[in-house]
Amino acid sequence: MDVETLANALVAGILTGMVYGLSALGLSVIFGVIRIVNFAHGELLVIGMFAALVLFRWLGLDPLLSVPLVAALLFVFGYLLQSLVIRRVAHLADHMQFLLLAAIAIAMVSGCLIVFGPDPQGVQLDYALDSFAVGLLVIDKTRLYAAIAAVLVAGLLLAFFKYATVGRAIRACADNYLGAQVVGLNVGRLYALTFGIGSACIGAAGCIILLLVDVHPYLAPGYTLLAFIVVIIGGMGSLFGALLGGVLIGVAEAMAAVVIQPSLKTAFSFALLIVVLLLRPQGLLGKAPH
Amino acid sequence: MSLYTRLLGDLTGRGLAALAGFVVLLVALPSLVSSYIATVATIVLYLAFLGQAWNLMLGIAGLLSIGHALFVGIGAYASAYLFAIHGVPPLLGVLAGVAIAVAAGALIGYLGFRFAIGGVYFALLTIAFAEFTRIMVDHAKFLGGTEGLFLPVSAASRHGFDLLNLRGSPEMFYYLILALALAALALCRWLLTGRTGYYWRAIRDNPAAAQALGVDVFRYRMYAAMISAGMAAVGGVFYAFFYNNLFPEQVFGIERSIELTLAPIVGGVGTLFGPIFGAFVLTPLGELFTAGVEWLQTSGAIGRHVKVDGVKPLFWGIAVAAIVLLRPRGIWPWICDRLGLVKPPSERS
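Note that the protein sequences, when read in sequence, are chains A and B.
Residue numbers for the first sequence follow numbering that gives the first Met the number 0, beginning at 0 and rising by one.
Residue numbers for the second sequence follow numbering that gives the first Met the number 0, beginning at 0 and rising by one.
The set of hints was computed from the structure by calculation and includes no laboratory data.
Some hints could be false.
[Claimed, not checked] Cut-off 25 Å, straight-line C-alpha distance, at most; resulting in silico cross-link-like pairs (DMTMM-like, lysine to aspartate or glutamate):
| no. | chain 1 | residue 1 | chain 2 | residue 2 |
| --- | --- | --- | --- | --- |
| 1 | A | Lys264 | B | Glu254 |
| 2 | A | Lys264 | A | Asp61 |
| 3 | A | Lys264 | A | Asp93 |
| 4 | B | Lys311 | A | Asp118 |
| 5 | A | Lys140 | A | Asp125 |
| 6 | A | Lys264 | B | Asp137 |
| 7 | A | Lys264 | B | Asp9 |
| 8 | A | Lys264 | A | Asp139 |
| 9 | B | Lys311 | B | Glu254 |
| 10 | A | Lys264 | A | Asp213 |
| 11 | B | Lys342 | B | Asp9 |
| 12 | A | Lys140 | A | Asp129 |
| 13 | A | Lys264 | B | Glu146 |
| 14 | A | Lys161 | A | Asp174 |
| 15 | B | Lys342 | B | Asp204 |
[Stated by the list, open to error] Short derived list, chain A residues pointing at chain B, Cβ under 8 Å:
| no. | residue |
| --- | --- |
| 16 | Ile13 |
| 17 | Val36 |
| 18 | Ile113 |
| 19 | Asn175 |
| 20 | Ala179 |
| 21 | Gln180 |
Every residue, glycine too, gets a C-beta built ideally from N, C-alpha and C.
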């Protein structure tokens, strides 16, 4: 094993990890505010990937350019899902919410299966095989562009929560539900907006991931679990934590693939998840429960 | 309290009659219906059995596990490995499977309870262990890895009645799983009406208050996790010898863990008959959708080119979501109230 292989795996891991981070950001936003564990996360991501695929086939649109369109589409979907369905189970126990979202997830995967079939499908871009050479490093163009796009979207989201009035109102709901109602915020509408924003974020991540991975319906559960790992490691509800967790998992998987065996890289992530759950259940950047 | 009061004391006369009729119907079923329906009924009872095991953990002790396929898989792989490679009969193999599963349940329980991981986080811990094990078995050459582990099947063994080696006809498997499901129901009922059951419910409803009253919360949670894991492993042995082939993805995958939670949640978490009832609603519902889609295709209402694989789970997912929204306590408690099968608390002895 030489330095060159390791360095390349490290860089590829960091870049992929940023995309993981963006996807996990969507899960984290929804959990942090609405306290719903979105078991349909991977399914939303796969729908985003398929949407980008369709736009590519019909209009020849580069998946990176379809980000705003797909994000808007999934925003509407998420908004409706929260305000029509999930709102009704907010008062129920964890396992009922889990079952509802699992059922929705099954329906969504099946819908994709009916429309697109089970085979992996991808986009062919003219820069797909290009790469930049920087010293020892060889960086894939697609991976670099994907990472840049992920960071841009994530930055936009962080800015929204820090500066926009609506974003701050949403954070107020997360911090103090009762207080937010007392000062006259429409919590129901803000929750729907949050689920919409979270879904939009997942949709954007889906477009970006399509650069790196061919899409098929059965990808979904794997991506749900991946996002859980990333978010738990970073800290549920912490936005920076999700990005940090994404990069950590990206690097860990890339390294495990090179050093141990590619097929064992996911086992490595799950082992990491168990350790973090036991030693620091609030995650690396999460706040300890009071 | 007599055994009869503990097991059946809560039922009204109508409830007793309904239960007796149900059992008689199940015993007579294979001679009444086609072998296809008998196979569906076998799967229904299998899911009812696993649902009972899982329900013990969530409904009774308040611990949400979404990794129960781990324990099922341990039972399946341990007994199948011992039988296929070393010729150990499953009657002994089940002991090994249950022992390993109970140890795994104890480990996960110990970690979860000692480190005070609650609710959703405990669920994720169980998923993590199940997925980790799946990938490990993928790489375990002696268990067949991704290529799978197969049990020897001969034409003769498909018609026999060899309970020791679990080689036999579909009817044998039907009666075996029927006996297991009824035994699980009786075991849960017996546990629930004893000291352990009262402790469990106290812990589920208010752990701090239970602790203050002197209940050893940690110990009784461990019991729940271990008994549930052991029961799931018994189900796994049945799975291995019924299907005769094991693949890590099929056995340990998260889809399996989710599947076995569906019947008890739909039927009614925390109720004893809910898991059975849920299984009897869900599996036939899925079969009904399949038949419906086939009928629509042959009648020409939908084209041949439509990918039918997805249609059944699509409707099924929508149906389950509708049940959650409309009957959040599960269907069984609602039916039970409607039909007056259980005595109101004031009339119980």
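Going down the list of hints, with the structure as the test:
Taken as a hint, the A:Lys264 and B:Glu254 pair is honoured in the structure, with Cα atoms around 21 Å apart against an allowance of 25 Å. Under the criterion of a C-alpha separation no larger than 25 Å, the hint pairing A:Lys264 with A:Asp61 is inconsistent with the structure, at around 30 Å. Of the supplied pair hints, the one linking A:Lys264 and A:Asp93 is violated, its CA atoms being roughly 30 Å apart against a limit of 25 Å. Distance restraint check for B:Lys311 and A:Asp118: the Cα-Cα separation of roughly 19 Å lies within the 25 Å cut-off, and the hinted pair is therefore satisfied.
Taken as a hint, the A:Lys140 and A:Asp125 pair is honoured in the structure, with Cα atoms around 11 Å apart against an allowance of 25 Å. Annotation: proposed proximity of A:Lys264 to B:Asp137 holds, straight-line Cα distance about 12 Å (limit 25 Å). As the CA atoms of A:Lys264 and B:Asp9 are separated by approximately 53 Å, the hinted pair breaks the 25 Å bound. Between A:Lys264 and A:Asp139, the direct Cα distance comes to roughly 21 Å. Compliance with the 25 Å bound is thereby established for this hinted pair.
The hinted pair formed by B:Lys311 and B:Glu254 meets the criterion: a straight-line CA distance of about 16 Å does not exceed 25 Å. Distance check on the hinted pair: A:Lys264 and A:Asp213 sit about 19 Å apart at the alpha-carbon level, within 25 Å; holds. For the hint linking B:Lys342 to B:Asp9, the alpha-carbon distance of about 6 Å falls within 25 Å, and the restraint holds. For a cut-off of 25 Å, the pair hint linking A:Lys140 to A:Asp129 stands: about 6 Å separates their Cα positions.
For the proposed pair A:Lys264 and B:Glu146, the alpha carbon gap of about 19 Å is at most 25 Å, so the pair holds. At roughly 14 Å between alpha-carbon atoms, A:Lys161 and A:Asp174 fall within 25 Å of each other, so this suggested pair holds. Restraint check: the Cα-Cα separation between B:Lys342 and B:Asp204 comes to about 22 Å, which is no more than 25 Å; the hinted pair holds. The criterion of a C-beta within 8 Å of any C-beta in chain B is not met by A:Ile13, whose closest approach is roughly 24 Å, and the hint is violated.
The restraint placing A:Val36 at the interface with chain B holds, with a minimum CB-CB distance near 5 Å, inside the 8 Å limit. Because the closest C-beta pair between A:Ile113 and chain B is about 4 Å apart, less than 8 Å, the hint holds. The beta carbon of A:Asn175 comes no nearer than 21 Å to any beta carbon in chain B, farther than 8 Å, and the hint placing it at the interface is violated. Below 8 Å, beta-carbon pairs count as interface contacts, and A:Ala179 has none with chain B, the closest being about 23 Å; its hint is therefore violated.
Checking A:Gln180 against chain B by beta carbon gives a least distance of about 24 Å; that is not within 8 Å, so the hint is violated.
Hints 2, 3, 7, 16, 19, 20 and 21, counting from the list given before, are not met by this structure.
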